[in-house]
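K.L.:
The lines below spell out each chain.
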Amino acid sequence: MAETADQGPAPTVIVDEVDIVYRVHGAGATAGRGAATAALGRILRRGQERGVRTVHAVRNVSFTARKGEAIGLIGTNGSGKSTLLKAVAGLLPVERGRIFTDGQPSLLGVNAALMNDLTGERNVHLGGLAMGMSREQIKQRYDDIVDFSGVNEKGDFITLPMRTYSSGMAARLRFSIGSAKDHDVLLIDEALATGDRSFQKRSEARIRELRERAGTVFLVSHNNKSIRDTCDRVLWLERGELRMDGPTGEVLKEYERFTGGGKG
Amino acid sequence: MSQVLDTPPHPAPPAAEPSPAELSPAELAARHGLTVSGARPSLPAYAGQLWRRRHFITAFATAKLTAQYSQAKLGQVWQVMTPLLNAAVYYFIFGVLMDTRRDVEDYVPFLVTGVFVFTFTQASVMAGTRAISGSLGLVRALHFPRASLPISHCLQQLQQLLFSMAALVVILLCFGVPPTVYWLLAVPALALQFTFNTGLALVMARLGSRTPDIAQLMPFVLRTWMYASGVMWSIDAVLADRNLPHALKVLLECNPAAVYIDLMRFALIDSYSHDRLPHLAWAWAAGWALLAGAGGFIYFWKAEETYGRG
Numbered sequence: 001m002a003e004t005a006d007q008g009p010a011p012t013v014i015v016d017e018v019d020i021v022y023r024v025h026g027a028g029a030t031a032g033r034g035a036a037t038a039a040l041g042r043i044l045r046r047g048q049e050r051g052v053r054t055v056h057a058v059r060n061v062s063f064t065a066r067k068g069e070a071i072g073l074i075g076t077n078g079s080g081k082s083t084l085l086k087a088v089a090g091l092l093p094v095e096r097g098r099i100f101t102d103g104q105p106s107l108l109g110v111n112a113a114l115m116n117d118l119t120g121e122r123n124v125h126l127g128g129l130a131m132g133m134s135r136e137q138i139k140q141r142y143d144d145i146v147d148f149s150g151v152n153e154k155g156d157f158i159t160l161p162m163r164t165y166s167s168g169m170a171a172r173l174r175f176s177i178g179s180a181k182d183h184d185v186l187l188i189d190e191a192l193a194t195g196d197r198s199f200q201k202r203s204e205a206r207i208r209e210l211r212e213r214a215g216t217v218f219l220v221s222h223n224n225k226s227i228r229d230t231c232d233r234v235l236w237l238e239r240g241e242l243r244m245d246g247p248t249g250e251v252l253k254e255y256e257r258f259t260g261g262g263k264g
Numbered sequence: 001m002s003q004v005l006d007t008p009p010h011p012a013p014p015a016a017e018p019s020p021a022e023l024s025p026a027e028l029a030a031r032h033g034l035t036v037s038g039a040r041p042s043l044p045a046y047a048g049q050l051w052r053r054r055h056f057i058t059a060f061a062t063a064k065l066t067a068q069y070s071q072a073k074l075g076q077v078w079q080v081m082t083p084l085l086n087a088a089v090y091y092f093i094f095g096v097l098m099d100t101r102r103d104v105e106d107y108v109p110f111l112v113t114g115v116f117v118f119t120f121t122q123a124s125v126m127a128g129t130r131a132i133s134g135s136l137g138l139v140r141a142l143h144f145p146r147a148s149l150p151i152s153h154c155l156q157q158l159q160q161l162l163f164s165m166a167a168l169v170v171i172l173l174c175f176g177v178p179p180t181v182y183w184l185l186a187v188p189a190l191a192l193q194f195t196f197n198t199g200l201a202l203v204m205a206r207l208g209s210r211t212p213d214i215a216q217l218m219p220f221v222l223r224t225w226m227y228a229s230g231v232m233w234s235i236d237a238v239l240a241d242r243n244l245p246h247a248l249k250v251l252l253e254c255n256p257a258a259v260y261i262d263l264m265r266f267a268l269i270d271s272y273s274h275d276r277l278p279h280l281a282w283a284w285a286a287g288w289a290l291l292a293g294a295g296g297f298i299y300f301w302k303a304e305e306t307y308g309r310g
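Listed in order, the protein sequences are those of chains A and B. Position one of the first sequence corresponds to residue 1 (full-length UniProt numbering), numbered consecutively onward. Position one of the second sequence corresponds to residue 1 (full-length UniProt numbering), numbered consecutively onward.
Calculated from the structure, these hints are not laboratory results. Yeah, the Cβ is synthetic: ideal placement off N, Cα and C, and Gly gets one too. A portion of the hints provided could be inaccurate.
Straight-line distance between alpha carbons at most 27 Å, and here's what the computed DSS-like set of lysine-lysine pairs gives [as the list claims (entries may be wrong)]:
id, chain 1, residue 1, chain 2, residue 2
1, B, 64, A, 181
2, A, 201, A, 225
3, A, 201, A, 67
4, A, 181, A, 225
5, A, 139, B, 64
6, A, 86, B, 302
7, A, 67, A, 253
8, A, 225, A, 86
9, B, 73, A, 86
10, A, 253, A, 201
11, A, 181, A, 67
12, A, 181, A, 139
Under 7 Å between C-beta atoms, here's a sample of chain A residues computed to sit facing chain B [said to hold, decoys possible]:
id, residue
13, 93
14, 126
15, 135
16, 136
So here's chain B without its partners, still in its complex pose (with noise of 0.2 Å):
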């Protein structure tokens, strides 16, 4: 069945088969059961293989986190460090070169609260734009549901929240800030927003993975939301003797960073009183995990064959 195909035309190979035995490669593939390879799967089936790959998407984020600081000498004292040196810089600034201390009660426990959970959403939307782009050599070489690659890396941030978490109840311990029974509010404030943070990090996935040049734009726009979403400062305090149209103020409330950081401030710290927190907080909350839980990932799957391309 040799034939060297670059011969100029050569007469039609002769009709040797009789015709029932000449199948085009569709109908071939039809009669034994041969799938188009690299197809996308429906929605339930995208979210069992996910479900299958689970140990895969849990190993993968514990290996980069571990691997993160294995070259340096201090090794993972970095995990509780960076964040640590994170919030000195900002209370030097804006606490202790600004004043802004003498607004807010408990400046520090509320500084080191907004911008511990502030990094963690700002952490997985940087981490989700990489993580198709970033990663093309994973993509192009194994098969696997791609969505394990920004979920493994929001999972990534998540434990290293945790440490920072450790770290922020020794402050908050210092600073003579009491536990409570509150305290546990903040596991399902965190749970809410590891929804919320992949949700977004799927979306920016697709979009970094078509245009990568969004890496370079986002950390301006993730700044430019830290600062209106209250880390440094009370909002309360901020905007009460301004004359804002009351719609801003609600969008300013209601923003979801804004809202995750008053939720956990209020779960940890004591005298952060229920009547600071944004009306009907915990709804704001779930409704933007679900929306961008939800959305973010049918927003994916909906690319799913196309990574890896170009």
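The following block holds chain A by itself, in its conformation from the complex (with noise of 0.2 Å):
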């Protein structure tokens, strides 16, 4: 078990040896042929869990943040990162190890919580119970989501309903509720690629107010530019292991060798 060093700032999140496992059903070697039968064999071989494929995810991982840190994760597609954020939200439980928290984290996104065929009025108070803020809470910010989403800016959009509006609109009405609220811990999976140049910039702007009420930000991007503007302490990811776990200068220098790539 990994020694951890009891100084500075109280921490908020600790991953003690974190193993994640995915179990991905009907993808076993006889998926795709005889589908009913092999279906019939798969309730009757129950238990043995035959037919099931597991997907290694996150291997042995450790680390502990602290309080006022912003951190970033980064890593190749398929590396982990999404997945580690979400066994940090307690929404994905873990295969082994433990993984402690200070209150309960959660991820910046309500986007599964919305319906396209509602409108957008309708969706900001759908989103905001669904983050768990109550009825006057949403009452109070309904302004300020709908003001920082901009959906109003060419005609009176909110009354819509969101199948209509373009990508970029909903997705900027997304990202305005899931920042509504105030997080101890606050995970944010690629949120700052939304919407035209200048609502990237509010976004930024906003992330930056949530992670200073925020305790910790952590924040999964492929847009190095985003994480050295946001973060002090960057994680890599690669192939589900932790491989480097420092400041964000010296981590994604070393990311940007791995990658071939230049400045981000």
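With the hints as a guide, bring the two chains together.
P.N.:
Right under this line is the structure:
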């Protein structure tokens, strides 16, 4: 078990030798042919977990995050960044090891709770409630959310169903709803790439605000520039393993050499 | 404190810190009051969390109901049209073609009540089966007591049923069934059935989250249940001249769907008198509701921390 020094600000997230494994149904050797018999076999063989493939997404990762830190997670596609973030949020069970957190870390993102057939207005309420805000809090912040999203800049779009929005408009409203709540530990997954240039500027400012109010911020991004602008510490994951953990400049330099890219 | 962690076995990092400052992660977590992420809360705490999310549960149900027909030209008219068309099909097959209506007084109100009440249970169970497995995106993105989802789906079905009941009242009046004070009994009957449905949906949600195949199997189970519950015919009339074991008769009459259907017919249809109810019908209705409601809730809660895997 990794020993950790107890110094500096109070820890907010402690990840202790964590492994995360996904189970994928119907991806076994029998899938694809004779689908009906395979399905029957799956029911009969329940318990032995045949026809189930496992994906080892995160392997033996340990780190301690402290109050006031903004931590970037980098790594190539499929390296386990988002998976690790979801486990910290308590949304994915860990296979081995433990994750300790201060309060309830929240993922920034309410996309899954919103419904395209409903008006923007009702989605603001639904999304707020899904994140655990009270009706009063939503009422108080409703105007802020709508103004920040800029959905109403080109007419009264907030009273139209979300399926009529352009993709950028919908993304802006989603970000605006998601960032309306204060969090102790905030987890952000590639949120900064949404919208046009002026909205990106605004959302960066909003992230900084959130970071000041939140204890700790985690940011997953493929955009090295937004990591450099927002984070002071970076974790580099590769094939589910923690390859490097340190100050932003040092880790990004190594990472850029690894990916062969120039300045991001 | 930067170090490349994949370098070949490097000598153990020098113990720069004196030992009192060295803590295992668990000890460090305990010292600062950190808790294990995603652990299952106790049953009372879970019920409390659920209560605090009640506005989300109702808003989610209403949102799903509204979104359901928002693309259709007739819009919300389908809320009433769908159950009516359903009843019309059953009337044509069982009432006209098979001539079941000869055995039963007030056949149309009898049939329509049965169809609507059974559809409520059927739809709740189906929605419950898919409540977790069909909302994995939501389960994996946000933190909330997972029981919110099956409960919300059942609430949506209850709202749908209320539309059907409005249509039912019109049908009853059209077929000359007089409104009586007994109609008020529909409220407790519905409350009990809703509790029963929710409990069953919670059980199915847990089963369906582990074995999604159940969603394919359920329509057949539910159809068998419907034919055995006397939706289109009177169980009494059909069983009267058969020589069936007594236990089977009791089983058919006390199955929850039959009990809730009979209670609703008793409440709404004037000619459906008290003696056509099974023995101790209200006690059975309350018992089923309590058993399914409490049992389903506990059964669902037991696996709370595992939803969203796989």
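K.L.:
Taking 27 Å as the top limit, are the C-alpha atoms of residue 64(B) and residue 181(A) close enough?
P.N.:
holds (24 Å)
K.L.:
Run the distance test for residue 181(A) versus residue 225(A): straight-line Cα separation, threshold 27 Å.
P.N.:
holds (25 Å)
K.L.:
Straight-line Cα separation of residue 67(A) and residue 253(A) no greater than 27 Å?
P.N.:
holds (25 Å)
K.L.:
Mind checking the alpha carbons of residue 253(A) and residue 201(A) for me, to see if they're no more than 27 Å apart?
P.N.:
Measuring from Cα to Cα gives roughly 25 Å; hence the hint holds.
K.L.:
Verify the proposed pairing of residue 139(A) with residue 64(B), using a straight-line Cα cut of 27 Å.
P.N.:
holds (21 Å)
K.L.:
Under the criterion that the straight-line Cα-Cα distance not exceed 27 Å, is the pair residue 201(A), residue 67(A) satisfied?
P.N.:
holds (25 Å)
K.L.:
Are the Cα positions of residue 73(B) and residue 86(A) separated by 27 Å at most?
P.N.:
violated (40 Å)
K.L.:
Below or equal to 27 Å on CA atoms is what counts here, so check residue 181(A) against residue 67(A).
P.N.:
holds (18 Å)
K.L.:
Need the status of pair residue 181(A), residue 139(A): alpha-carbon distance at most 27 Å?
P.N.:
holds (13 Å)
K.L.:
Residue 135(A) was flagged as interface toward chain B. Is the shortest Cβ-Cβ separation under 7 Å?
P.N.:
With a closest approach of 6 Å, the residue 135(A) hint holds.
K.L.:
Report holds or violated for the interface hint on residue 136(A), using the least CB-CB distance to chain B and a cut-off of 7 Å.
P.N.:
Hint on residue 136(A): violated, closest Cβ of chain B at ~10 Å, above 7 Å.
K.L.:
Hinted pair, alpha-carbon criterion (27 Å max): residue 86(A), residue 302(B). Please report holds or violated.
P.N.:
holds (21 Å)
Of the numbered hints given earlier, the model fails hints 9 and 16; all others are met.
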